[in-house]
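J.: Letter by letter, the chains look like this.
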Amino acid sequence: MNEVSYIQRPNRPLRFYALLYLAFLYIPVLFLPLFSLNDSIYIAFPLKDFTLKWYAQMFANEPMFAALMNSFRVGVATSVLATFLGIFAAKAVTRYRMPGRAPLVTFIMLPLVIPGVIFGVALLILMSRLGIRLSLYTITLGHILICVPFAMATLIPRFEGFDKSIEEASADLGENMWWTFWRVTFPIVFPGIIASLLLCFTISFDEFIMAFFLSGTDPTLPLFMWGQLRFPAKLPGVLALGSVILVVSFLVVFFSQWIRNRGIQSKNRSGA
Amino acid sequence: MSKAIAAVASVPMHRGRMRGGLGALFLRSEPLRGYTLLTPTLLIMAFGICIPFAILIAMSFWTQQGFDFDMTLTLANYSTAFEQPIYEALMLRSLAISGTCTIATVLLSYPMAYYVAFHVHQHKMIWIILITLPFWTSYLLRVFAWKIILGYNGVINSGLKGLGLIDQPLEFLLYSQSAVMITLAHAWAAFAILPMYVSLEKIDRTLLEAATDLGDGPVARFLRVTLPLSLPGIIAATLIMFIPTVGDYITPALLGGPDGVMIGNLIQAQFGKVNNWPMGAALAIAMMITVAVCALTFMLVTRKAKEHIE
Chain A
1 MNEVSYIQRP
11 NRPLRFYALL
21 YLAFLYIPVL
31 FLPLFSLNDS
41 IYIAFPLKDF
51 TLKWYAQMFA
61 NEPMFAALMN
71 SFRVGVATSV
81 LATFLGIFAA
91 KAVTRYRMPG
101 RAPLVTFIML
111 PLVIPGVIFG
121 VALLILMSRL
131 GIRLSLYTIT
141 LGHILICVPF
151 AMATLIPRFE
161 GFDKSIEEAS
171 ADLGENMWWT
181 FWRVTFPIVF
191 PGIIASLLLC
201 FTISFDEFIM
211 AFFLSGTDPT
221 LPLFMWGQLR
231 FPAKLPGVLA
241 LGSVILVVSF
251 LVVFFSQWIR
261 NRGIQSKNRS
271 GA
Chain B
1001 MSKAIAAVAS
1011 VPMHRGRMRG
1021 GLGALFLRSE
1031 PLRGYTLLTP
1041 TLLIMAFGIC
1051 IPFAILIAMS
1061 FWTQQGFDFD
1071 MTLTLANYST
1081 AFEQPIYEAL
1091 MLRSLAISGT
1101 CTIATVLLSY
1111 PMAYYVAFHV
1121 HQHKMIWIIL
1131 ITLPFWTSYL
1141 LRVFAWKIIL
1151 GYNGVINSGL
1161 KGLGLIDQPL
1171 EFLLYSQSAV
1181 MITLAHAWAA
1191 FAILPMYVSL
1201 EKIDRTLLEA
1211 ATDLGDGPVA
1221 RFLRVTLPLS
1231 LPGIIAATLI
1241 MFIPTVGDYI
1251 TPALLGGPDG
1261 VMIGNLIQAQ
1271 FGKVNNWPMG
1281 AALAIAMMIT
1291 VAVCALTFML
1301 VTRKAKEHIE
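Chains as they are written, first to last, in my numbering: chain A, 1 to 272; chain B, 1001 to 1310.
Derived from the structure by calculation, the hints contain no laboratory data. By construction, the Cβ of each residue, glycine as well, lies at the ideal position given by its N, Cα and C atoms. Be a bit skeptical, because a hint or two may be false.
[Unchecked claim] Computed far set for chain A versus chain B, every beta-carbon distance over 10 Å:
no. : residue
1   : Y21
2   : F35
3   : A44
4   : D49
5   : F59
6   : N61
7   : M69
8   : R73
9   : G142
10  : W182
11  : W258
[Claimed, not checked] Chain A is faced by these chain B residues, among others (derived, beta-carbon under 8 Å):
no. : residue
12  : G1034
13  : P1040
14  : L1042
15  : I1044
16  : P1111
17  : I1149
18  : H1186
19  : F1271
Using the sequences plus the hints, can you model the full thing?
T.: Structure representation (structure tokens):
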């Protein structure tokens, strides 16, 4: 059967609609960088002069840097631990036939559908009953719970995407489980691991609700921004900060998705 | 030596039953190895999901006393939740806002999913990445962006004023239910598109050709083949967006104003300035049960409808 059939004729109105849809997705977000370069304390048209002073102010803002470092530490710890747990889980569910596998996977994926407020307060209650002081550690725990489903969802296609017999060959040729993983499985799933690390870091870095309920005295960056939103005079500073975060998140996520999908595509092309 | 030969011989055979050497029972039992690997993840998730929710349920039967709790079990919180009209009103409003917004987003996103699945032939991945990219960026910032657009002196108002179309800023834009709905739709669009895209992408294209060859026009073909086959994706998109948005509280807090307050704000307030944790727990449980009932009803109705069609 020929590849391009008459069903797949180009559809101009639909294409126009799709582009409009993309515009709706992106344009609102682009106002943040636009106004962050505007020399006025009021966020309104018409635009005044071009300025970089909000960015200059941002670099002189010490509490913001403290919050940035907090977010960074939480993000790194979260992404490493969640990806680690995700690797174990993804390998388990793709490599072994286990009874009850589907309900277990559903259980691990649950945080995706639990409303953030409820998950947040439930963990807050847990911490208070256990007498654990709220800190960056409790935020990290909350973020790990949210990130493991994403890590697993990112890693499972990588584990499914290659022939199990390669691992078996390695095991049969005398490598033990750990060396087989390190020398055979790991290099193959490596792009998935990088993608998972980057995604989990971004999620944690941008996450607000869990951090809102589980933070002690040290704020993460979203909490810091939330606090700044109350002061109209600080809005341009928040815009500058937000623009930087947006650009970095876009780049990180684009890179991670690109790595992940490139790997899978090239596999599809070379494999049958 | 014989071990090596046995090993090599076993390579083409799947699952390597003939694996020799140190193959203890543990290594031979697939489920056991699988469970062992899964244990750390499962333990953490169980600790983070089951225990907190168990305590949440228990707490909903307690009473707040100053900064401590009276742990005698009582249904008082639930009866308050049922009797006071404010709770019911906010719950219904949350369901209405989230439901309307979900239906609108799913309807508007379906053509997009359809376009990417059927009409994009090259660079499909770029499109998928473009659609999902905004979803990964800070939710807080995206809500904030809408505040800039819809605000009293925001993009729309100052823009329209600059063009001379209006004299006074349009006040209904910000701090309203529609502001909450627009923002939620924007924030969750990727979640709505992806499941529908996946189910549309899976449709066997030869079925469409068969329908055409048998005389169906584009509309009939869509209604009889494409739409029914993509129904699971539509259902998944609806649920995946509806369930979390009912409890959203950032968007209503920043953009809702008094008219746009939702149940999530009320729950948060119980753990904040109101300081009545057991009441907050009871509201959280009540909300989860309501959402679960809605989701299950929706699934049952769609299943029945599907059976009816078939």
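J.: Go through the numbered hints given earlier and state which of them the structure violates, listing their numbers in rising order.
T.: 1, 2, 3, 9 and 11
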